[in-house]
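*Asks:* Sequence:
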Amino acid sequence: MGIKNLYKRGMMGLCGVAVYAMAALTMTVTLDVSTVAAHGERSQEPFLWMRTVQWYDVKWGPEVTKVNENAQITGKFHLAEDWPRAAARPDFAFFNVGSPSSVYVRLSTKINGHPWFISGPLQIGRDYAFEVQLRARIPGRHHMHAMLNVKDAGPIAGPGAW
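Here the sequence shown is numbered in the numbering used here, starting from 1 and rising by one per residue.
Hints may be right or wrong, so weigh each one.
With a straight-line Cα cutoff of 20 Å, these simulated SDA-like cross-link-like pairs (lysine to any residue) come out [to be verified]:
{"id": "1", "residue 1": "K76", "residue 2": "Y128"}
{"id": "2", "residue 1": "K66", "residue 2": "S99"}
{"id": "3", "residue 1": "K151", "residue 2": "G61"}
{"id": "4", "residue 1": "K76", "residue 2": "Q123"}
{"id": "5", "residue 1": "K76", "residue 2": "I124"}
{"id": "6", "residue 1": "K76", "residue 2": "K66"}
{"id": "7", "residue 1": "K151", "residue 2": "K59"}
{"id": "8", "residue 1": "K66", "residue 2": "P155"}
{"id": "9", "residue 1": "K151", "residue 2": "L48"}
{"id": "10", "residue 1": "K76", "residue 2": "R141"}
{"id": "11", "residue 1": "K151", "residue 2": "M50"}
{"id": "12", "residue 1": "K151", "residue 2": "A161"}
{"id": "13", "residue 1": "K59", "residue 2": "G75"}
{"id": "14", "residue 1": "K76", "residue 2": "V103"}
{"id": "15", "residue 1": "K59", "residue 2": "F47"}
{"id": "16", "residue 1": "K59", "residue 2": "D91"}
{"id": "17", "residue 1": "K76", "residue 2": "R137"}
{"id": "18", "residue 1": "K76", "residue 2": "G2"}
{"id": "19", "residue 1": "K151", "residue 2": "L107"}
{"id": "20", "residue 1": "K59", "residue 2": "R141"}
{"id": "21", "residue 1": "K59", "residue 2": "W49"}
{"id": "22", "residue 1": "K110", "residue 2": "K66"}
{"id": "23", "residue 1": "K76", "residue 2": "N112"}
{"id": "24", "residue 1": "K59", "residue 2": "K110"}
{"id": "25", "residue 1": "K110", "residue 2": "P159"}
{"id": "26", "residue 1": "K151", "residue 2": "F92"}
{"id": "27", "residue 1": "K76", "residue 2": "D91"}
{"id": "28", "residue 1": "K110", "residue 2": "A136"}
{"id": "29", "residue 1": "K110", "residue 2": "G120"}
{"id": "30", "residue 1": "K76", "residue 2": "S102"}
{"id": "31", "residue 1": "K110", "residue 2": "A87"}
{"id": "32", "residue 1": "K76", "residue 2": "S101"}
These are computed hints drawn from the structure, not numbers from a lab.
Bear in mind that the values here come from a model prediction, so they are computed numbers and not experimental data.
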């Protein structure tokens, strides 16, 4: 095998690798890539989102809002009996909604059917039902989380939806 033949095969191999790389890049750009999930509840320390608040039956609606259109988040959460000692107890907690900037105005917040506009005590081991009424300030499809802010422990983000 001569040097010329070896050079020719090497160049063909490099061109083949380049073609495969371009095909992979094209597929990556044109195919739908899923959203990043490394924020919200999963970006917190595991002992916070696994041993403090368990969120369930959380529903958001509607998915897309126009200006001045109402939106709602409903669901339930349970304050775990195995609350970690490293996190402050929820003796002073505020129910909040996490969203990108101020895309919503909060109209009302109810926990167990009672208005909840200020911070207050929550009991470990209890289940709570919540309902938050919002009004859109900016039209579009916005990402939001139910969130419980606990004094000295910080925000504990619940599940999010678009």
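*Asks:* Could you grab the alpha-carbon distance between K59 and D91 and see if it respects the 20 Å cut-off?
*Replies:* Distance of about 26 Å is beyond 20 Å: violated.
*Asks:* Check the hint pairing K76 with R137 against an upper bound of 20 Å on the C-alpha distance.
*Replies:* violated, 26 Å
*Asks:* Compare the distance between the alpha carbons of K76 and D91 with 20 Å, and conclude whether the hinted pair is satisfied.
*Replies:* Roughly 19 Å between the alpha carbons, so the hint for K76 and D91 holds.
*Asks:* Holds or violated: K59 with G75, Cα cutoff 20 Å?
*Replies:* It holds: about 6 Å lies between the C-alpha atoms, which stays within 20 Å.
*Asks:* Just to be careful, I want the Cα atoms of K110 and A136 compared with a cutoff of 20 Å; is the pair within it?
*Replies:* Roughly 19 Å between the alpha carbons, so the hint for K110 and A136 holds.
*Asks:* Would you check the hint for K66 and S99, treating anything up to 20 Å between C-alpha atoms as holding?
*Replies:* Given that 20 Å is the threshold and the Cα spacing comes to 16 Å, the pair holds.
*Asks:* Compare the distance between the alpha carbons of K151 and F92 with 20 Å, and conclude whether the hinted pair is satisfied.
*Replies:* holds, 6 Å
*Asks:* Sort out whether G2 lies within 20 Å of K76, counting only the CA atoms.
*Replies:* violated, 75 Å
*Asks:* If you draw a straight line from the CA of K76 to the CA of V103, is it 20 Å or shorter?
*Replies:* violated, 23 Å
*Asks:* Next pair to validate is K110 with A87; report whether the Cα-Cα distance is within 20 Å.
*Replies:* violated, 25 Å
*Asks:* For the pair we were handed, K151 and L107, check the Cα-Cα distance against 20 Å.
*Replies:* violated, 23 Å
*Asks:* Hinted pair, alpha-carbon criterion (20 Å max): K151, M50. Please report holds or violated.
*Replies:* holds, 18 Å
Going through the hint list in order, the structure does not satisfy hints 3, 6, 7, 8, 10, 12, 14, 15, 16, 17, 18, 19, 22, 30, 31 and 32.
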